[in-house]
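Undergrad: Here is how the chains run, residue by residue.
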Amino acid sequence: MIEQIRAKAREILENKTVDLVIGYQLGTRGAVRPAFVYTPDEVDRLVWNEACTHNLAAYLHAKRVPAKRGAPAPRIGLVLKACDGRALNVLLRENQVPREELYLIGVVCQGMQQPAGLQGRSLSQASPSGQLQLRCQACTERVPPAYDVLVGDPAGQKIDAAAQARQGALEQELQRLDGLSAAERRAFWDGEFERCLRCYACRQACPGCYCTECTAEQLDPEWVGIGIAIPEKRFFHTMRAYHLAGRCIGCDECARVCPVGVRLDLLNAWMRREVQRTFGYQAGMDATSPAPLTTFRPDEDLKL
Amino acid sequence: MTDFITHAQLRDWLAALGGTHTLIAPRQVTPELVVYQAVHSPDDIAFGFSRAALSPKEFFLPATEAILTVERVRQLAAGDGSAQPDWEVRLAEPGMERDQVVFGIRPCDAHALTALDALLLKDPADAYYARRRERTALIGLACQQMGATCFCTSLGFTPDDRQGMDVMLVATGDGYALDTLTDKGQAITAGLNPADYKGEPPAREWPPAEFKVPPRQVWTRLFKDPYWGELADRCLSCKICAYVCPTCRCFDVRDYTVAQTPAYQKIERLRCWDACMADGYRRIAGGHNPRPDKLERLRNRFYCKFDYYPADFGPLACVGCGRCIDHCPVNVDVTEVLDAVNARS
Amino acid sequence: MMENPYLPYLGRLAGIQPLGTGIKLFKFQFDDPAAAREFSYRPGQFAFVSAFGVGEAPFGITSVTGLDDTVDFAVAKVGTVTRALHEMRPGDRVGLRGPMGNWFPLDAVKGNNVIFLGGGIGGAPLRPVITSILHDRDSYGDMIILWAARNPNLLVFTSEYDTWRQAPRTQLHLTVDEGTDGWSGNVGLITQLLQQVKPSPDNASVIICGPPIMIHFAILELQKMGFSSDQIITTLEAKMKCGIGKCGRCNVGEKYVCLHGPVFTYTEIKDFLESFV
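Chains as they are written, first to last, in my numbering: chain A, 1 to 304; chain B, 1 to 345; chain C, 1 to 277.
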């Protein structure tokens, strides 16, 4: 598969379909990291393996697109996994990225492995255990929803009973939270947020968080103070979860990058479940369907 | 003269210290995470830890700290009441309740405090950091081996270095070799009854340094090199590297009203961790931002550590702890940067 | 400076005067006369003014020790702290931390002709320098003051212009980007005014205060006119939180504006790794 990815990348750079290909490459100490390839002779840097976990759609935001000051935003070729493709759909639907300036090299994904976690859980290096990430264990759709070329055999996807079981396990975690009293649930989340440093890695890694000035950092008006303390952290995480409601596609990058292991995957999973139950809606399946929280339908009866 | 204490003696000693001091020690807070926390009993201590995910810097420079409290009290208006009410203003410096003891601080983190001293204790000294440093004793614990991302030996010291410690412990099979190094160390070991350490205290050979820190002139020459742009492409401008770093100290300051009635207002001036990596870090009122690009911010971080900080304050602002390598979600690896700078020198 | 450098002096706004559109002059008076006596500063230094409950911000001091009995600041309303200050009334209580930073090398330029380039509110730190020279007039050569603003309502210290014009061996030239009704003076950028006035670089020093982009273009123009880097002195601004070299925010390369500045010669600035613009 990697040869096909490299060949396609070389082709679109040579014929100037794109100015830049964003994919994955080997890093230091066995890690894999995002790759930015600007010329055809560099495409051999690109790799494809089970450590390619980063959601590259996060690099398409206006403020993170690699661009020299004053130059126009580059046309980008993107090595695209299924989940990243769903994130891209959200960005397309929200008019954050022009589709015509992207060339999508879709790849059929076999799942990403859990990070090694020497100290924390965010090192981009596959764990020797070989276990898939929780989100990958539960994943049932491993072909990107849209692509310009597809690498890999869609028929070869391994979706099986284990995925159903993993979804069941995630559902169980959510049900355990449901079973707590409000006070107990608050204590659980406070325990998580206690460790939070407000480093904003979760926000920066998230494709859905692209505000040029985050509500959590705005000073005028000041919605939340600068304190790295429980009241502010509750506000930030709850607010971010709400801002992602109906938009989060469940890549769990937020949880992976957190240096102290806050269970953001669980928080966003809860919100996705609520959106599914209330609106029958799952984010990112296509780039055009109206999203529930930004669409007003006079005939809607939510039976809340 | 080196002393010896058993593990049981260590536990008792720490329990006793916890009665009079805030005892800070490594604690397993999730199955994967050890951090330094104030603990209430030696049972909470993760004695077998290697390197905590975060340094104990937050006990010297807290993530959130009040640096001033202000009370405004409205005075009763004299006379006909048409005069604008006057407000009395009282300022207070927040206090520090107890002395602190940090158990299990590693040589890298102790070196980091010494590096921070060069800036924060420089005249005019940061009163709050100075007070915490003054009132905290450090019980160091030598490392048994270097971690996969550790590179302290490349910064000129070893994983069993004693610099900055008040008491130094080296684990032996059955207990600890203990050396009291300073007056503060004497004060906290006063109640301890150690035996003499029999034989030669343990010493280790460490592997040679793997990396070379380029001298300042090399960094200066490479400021406009395209390497920084290539490096910054994948940077997410999160603040993880700065927040886990034991020598990063940048902070933000803002006032908050914590109590208010028509005749009374209590305000806290808070300072909180901040990082030069953030987008709006240098944006001024009016909107101008002298570091709008990721490239400029990421480059500033490395230059601050290896060029500006030593130029202005003396020591390097890196101690080779490797936490930034562990935690960067996109594998921006400081040792790779050092190699790259050397290669281009 | 207090022993704890984060503790401000307490005082009141003894006076608040309009200086221009959205610009006011604030006159700080210490509660404690002993503090007032011990607080001495030189032209170029700055201090943090606290609007308690909102925060603090750094401002260049525009008064002169010994000549003014208050500590004065020219403040434009651009953000949260400045807005809070602008809403205050005379008598309101504020805090002051300082003095901070270095100062203009007035001794070093004695005997020289001194040329001033001021840009809008950014030029306010020039006022104490001009005042100090006027009080020691014979120690300095000619004074040529060029002041620019976007429009006439943003020219500051207009009440002192006659004093400046009438002082011996002193010229004042003004220019605005856009005139208004009643403006009969120059219209154009400060660089154009500079070309018109054509001050000689012989035995001269130039002090520039204004927005970074103005400083940048003024320096280019001065270099064309034959001024050397040593002759050009300026003051930089940056976002600051502590003013005493701890918070790490104000560095331009290895130089901290609060510790090594805010006054710098161009000789120093041209070696900065980062651009100050």
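It is worth saying that the hints were derived from the structure and are not from the lab.
You may find that some hints are simply not true.
What the hints assert, rightly or not - Every beta carbon over 12 Å from chain A, so not counted as near; a handful from chain B, in silico:
#1 194
#2 237
#3 345
Said to hold, decoys possible - Just some of the chain C residues that point at chain B, by a computed CB distance under 7 Å:
#4 5
#5 64
#6 67
#7 247
Because the structure is a prediction, the values reported are computed rather than measured.
Cβ atoms here follow ideal geometry from the backbone N, Cα and C, with glycine treated the same way.
Undergrad: The structure should be examined with respect to each hint, and the outcome stated for every one.
TA: These are the hints, each one checked on the structure:
| no. | hint | verdict |
| --- | --- | --- |
| 1 | 194 | 32 Å, holds |
| 2 | 237 | 6 Å, violated |
| 3 | 345 | 20 Å, holds |
| 4 | 5 | 4 Å, holds |
| 5 | 64 | 24 Å, violated |
| 6 | 67 | 27 Å, violated |
| 7 | 247 | 5 Å, holds |
When the structure is compared with the earlier hints, violations turn up for hints 2, 5, 6 and for no others.
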